[in-house]
Amino acid sequence: MIEAKRSTCIVTGGAGFIGCALSGELVRRFDRVIVIDSMHPQVHTTPERPKALAASAELVVGDVAEPAVWELVLDSALPTCIIHLAAETGTGQSLTQSTRHVRANLMGTSVMLDALSRRDIVPDQFVLTSSRAVYGEGAWRTAEGALVYPGQRDAEQLEAGEWDFPGLSFEEFSCGKTVPTPTNIYAATKLAQEHLLSAWVQAYGSSLDIARLQNVYGPGQALQNSYTGIVCLFARLAQSKERIELYEDGEMLRDFVYIEDVTSALIAAIDAPHEAVRTFDVGSGRRGTISEAAHILARHYDAPEPRVSGAYRQGDVRHAACDISPTLQMLQWAPRWTLEKGLHALCDWMEKA
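Quick note: the sequence shown uses my numbering, first residue 1, plus one each step.
Hints are computed from structural coordinates only; laboratory data are not their basis.
Each residue gets a CB set at the ideal place from its N, CA and C atoms; glycine is no exception.
Where hints are given, some of them may not hold.
[Claimed, not checked] Simulated DEER-style distance windows between Cβ atoms:
#, residue 1, residue 2, range
1, Ala203, Asp75, 52 to 58 Å
2, Pro166, Pro326, 27 to 33 Å
3, Leu78, Gln202, 17 to 23 Å
4, Asp271, Ser56, 16 to 22 Å
5, Ser169, Glu58, 47 to 53 Å
6, Glu305, Asp75, 54 to 60 Å
7, Ala160, Ser240, 32 to 38 Å
8, Leu78, Glu340, 43 to 49 Å
9, Ala311, Asp75, 49 to 55 Å
10, Ser240, Gln42, 19 to 25 Å
All chains should be modelled from the sequences, with the hints used to inform the complete structure.
This is the structure:
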């Protein structure tokens, strides 16, 4: 059941993939929904308003790292909720364009908080979309059962094709147990975002939901963006009847979570107010390999069989999957989409896009 409408919600980066998918539910819950988005060409092919953005959502084209943008928005709005989606997300790109990621992810967050402080505005609730990337390689278990943190795989190990950590088995991420150990600039900035917002809301008496998202995919992704995610890359290759090249040995574990499951988790958090800081993992609850996703897509398009290339990318983690059981207990939410069903839905959308 939807609550009565509650004042104003500001969504940063809200004209993007997740923001557009979320917008329909937001306009049903808030009197005003204001979307701030820079409409960066890496994400948006044109500067025009996305058709998927709810019609009644107000779009302000601007950079959240610019104080003037916040002054303009806050001149007419007293936000009760801020959903902070705006971020540079390229994992590999962040290693060569660190300033860009720091500016968008950290300056964008700090400028927002300073603008609120100047006007003595304390929203009731913040929601931050963070990332599974903050965990890095995460925790692994020894044969004796002890948990260890092996750290980042180095160039020598990767060059030798030693993809796993000898004698260790991967342990699923869990926000209440796994210590974050970022292995790339993007991940480091997302963890810093969490810390910035956590400090601010606890000082001012607001609340914060931190949603650490696994690999999100589905209709609405920016297909032209080479950093949008491996699922879209594989789908484009298969659709063109090209062979998908699998990095490492193709057996990297990932938790691919469909966009509708992500938006329903965020809405569940918005609908269940709380105090202080609440962190939770959002995934499908099922781990799968990169190879499995590639083979589903190749079969869908009758494309050539995927092939292991042995190539690798610095900053990538070997495995990434999470334990969502704490999230299931925390929120009135559960994922509904299987990987195969979601991939077919993505392909259907791509064929019409």
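Enumerate the violated hints, using their earlier numbering and listing them in ascending order.
1
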